[in-house]
Structures are given as structure tokens and as C-alpha cells.
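> Residue-level listing of the chains:
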Amino acid sequence: DVKVTQSSRYLVKRTGEKVFLECVQDMDHENMFWYRQDPGLGLRLIYFSYDVKMKEKGDIPEGYSVSREKKERFSLILESASTNQTSMYLCASSLNSGGVNQPQHFGDGTRLSIL
Amino acid sequence: AQKITQTQPGMFVQEKEAVTLDCTYDTSDPSYGLFWYKQPSSGEMIFLIYQGSYDQQNATEGRYSLNFQKARKSANLVISASQLGDSAMYFCAMRPNNAGNMLTFGGGTRLMVKP
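Read top to bottom, the protein sequences are chains A and B. Under this note's numbering, think of the first position of the first sequence as 1, with each following residue one higher. Under this note's numbering, think of the first position of the second sequence as 116, with each following residue one higher.
For reference, chain B alone in the conformation it holds in the complex:
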């Protein structure tokens, strides 16, 4: 069975600073994809970034980057130059190749950006 763990229920970061949101995962499938989603208070889930288990380089999308450490089974999200609009819940999710199209989600981290 797959499991995603996000150990930080809530975090504060000062505006314009960088922040790292932790995610560890567990799967026996050698092929899998890792996803991060943002959920503002309005409720919609916004796809941010994807990392494949066989990708050679860490994924980046604008201010978002993924610190992927395969041996440690971790896929931490790094947000650079935090903005007030980054305040939201952030979810890490995984899709192993043997799980069909199903995603397993972590419990989420609430990020609060201070002005």
C-alpha cells in the first residue's frame, strides 16, 4: 500500500523568503509520479508541479521546485520568494504505476505567509 506523510501541519514564512514543505512517501513500485497541489481558502485544488521517479533532474515550475531525494523517499516542495498569495494548504500526492490512475494524498500543510 502507498503512504504519503506530511509532518508539518502548519508553517509560517516571512514574505519574500524561501520555504520548504516536507513530504515523504512509501511505495514498493519502482515507477511512480509525485505531485504537489495548492488549495487556497476558496477550496479549489491547483496542480503545481510534477516529479517522475526516473527523472534525472529535480522539477521546477517558476517559483516552485521539488527537492527529490529518491533514496530517502522524500519530495519536498520549495517555494522561493514567498508571496502573500502563497498562503494556502499544500498537498503532496503520489501515483505509483501499479495503482492505475489513483492518487494517494498526504494530510497537507497549511502555509501562512507573514507580511
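Only chain A is shown next, with the shape it has when bound in the complex:
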């Protein structure tokens, strides 16, 4: 089974702090994704990566950056955390096949609170 592991289930930080959310997958997937989930808004894509050192902006990249130095690890960085970044953050990975049938596999999520 695919295993996507997020470093923290719950995290509390202060406004202005630099925050790192880590995600590791063990299935040699090329693609990795970061989403945030807010009530009534569903999942919104922040950034994704289709290869080491490659990144693409999603729908809501403002206030975030990412890092992918190794294939199995994808980090989300909040450069200067703000209260409106309090949310549930989900990491996912998938194979980079030529078809549309590859599901994304998700981690358990990180509930981040910015005080």
C-alpha cells in the first residue's frame, strides 16, 4: 500500500513564524501535491511538483513556498505565518502515468493553527 506520511497531525504556531510542513511518500511517486482544506471550500491546491526541484503553482500559492530536494519528500513552507493560514493541510502523491487513471494518495493531514 502507498504510504504518505505528514510530519505532524496538529501544529500550533504564532503569527510571523516560519512554518515547515513535511510530507514523505514511500512509493517512488513522481508527483506530489499540497492542498489546504477549509469548511465549505473543499480542497484547494497550493503547489505541486512533478519531479525533484520542480514546482508548479496551484490555485492559491500566495503566502506559501515549497521545496522538493528529494523525490520522496515535499515540504510546504509558510514564510511568515498569518492567522488566515489556519487550516487543514493535506499532502498527496501520485504516479506520473500517461493516462488519467492514477489516483492521488493522501496523508492524514496536518491541522495547523496560527495564533
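If you're looking for bench data, these hints aren't it; they were derived computationally from the structure. Note that the Cβ used here is the ideal one computed from N, Cα and C, for glycine as well. All clues stand as given, with none of them false.
Under the rule of at most 27 Å between Cα atoms (straight-line distance), these lysine-lysine pairs were calculated in the BS3-like manner:
# : chain 1 : residue 1 : chain 2 : residue 2
1 : A       : Lys57     : A       : Lys3
2 : A       : Lys53     : A       : Lys70
3 : A       : Lys70     : A       : Lys55
4 : A       : Lys3      : A       : Lys53
5 : B       : Lys118    : A       : Lys55
6 : B       : Lys118    : A       : Lys57
Derived Cβ-Cβ restraints for the label pairs, each shown as a range:
#  : chain 1 : residue 1 : chain 2 : residue 2 : range
7  : A       : Met27     : B       : Glu130    : 30 to 40 Å
8  : B       : Thr122    : A       : Lys57     : 22 to 32 Å
9  : A       : Pro39     : B       : Glu132    : 24 to 34 Å
10 : A       : Glu62     : B       : Gly215    : 15 to 25 Å
11 : B       : Asn182    : A       : Asn101    : 12 to 22 Å
12 : A       : Glu22     : B       : Ala214    : 22 to 32 Å
13 : A       : Arg111    : B       : Thr135    : 24 to 34 Å
14 : A       : Glu22     : B       : Lys131    : 40 to 50 Å
15 : A       : Ser80     : B       : Thr175    : 40 to 50 Å
16 : B       : Arg178    : A       : Val52     : 32 to 42 Å
Fit chain B to the known structure of chain A by using the hints.
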């Protein structure tokens, strides 16, 4: 642009009965994949079932089946013989062939199974 609509914010179903969760989508790409995910209160996103736009038959996975009506652009999830453990949020998602590896998610439906 792609869009997924789930019109039912919340639904109740009696244990052991079947339930249908609605999903409609919009895309101009003739080739696409449709996915359903389950999110229990613990937060993890669990992949349930996949339907390809060119698949001739509706997908089934155990108690889950997909009522795919291509002309209507709908991909409703049917859960047979509901169990208490089916209580969760359910998300419909789509990946058009021209969107690379990105998924577009609907807003979700909260299903509550009554004993």
C-alpha cells in the same frame, strides 16, 4: 476550466439502506478520469473508486458503485447496505487529460448513517 459540483452538503441514510451521492462535472476535454474519496472525521482522504470517461461499464468496488451518465456529465456514487462506518465526508474529483496530474475537487457531501 474544470468544475465539480456536489449539490448535497449533508445527507442522512438509515443503516443497511443504499444511498446515492450526487456529482456533476464540467470539462471540455473528451478524456478524463473521475474519482471518489472518503474523509472520515480523523481527516485522512481515502480513495474509493475510479471511472474513466471512455470506460464502457460503470465502475464497482465492493459496496461502492458509480452511476456514470456521460451525456449528463454526472458521476454519482452509490453506497449499498450502508454501515455506521460510512459516516464521513465524500468528495468527487476529476482529472481531465489536459490538466496534467491535477485533480479538481467538489465541495463534498457529509453523509451520516443512522442506526
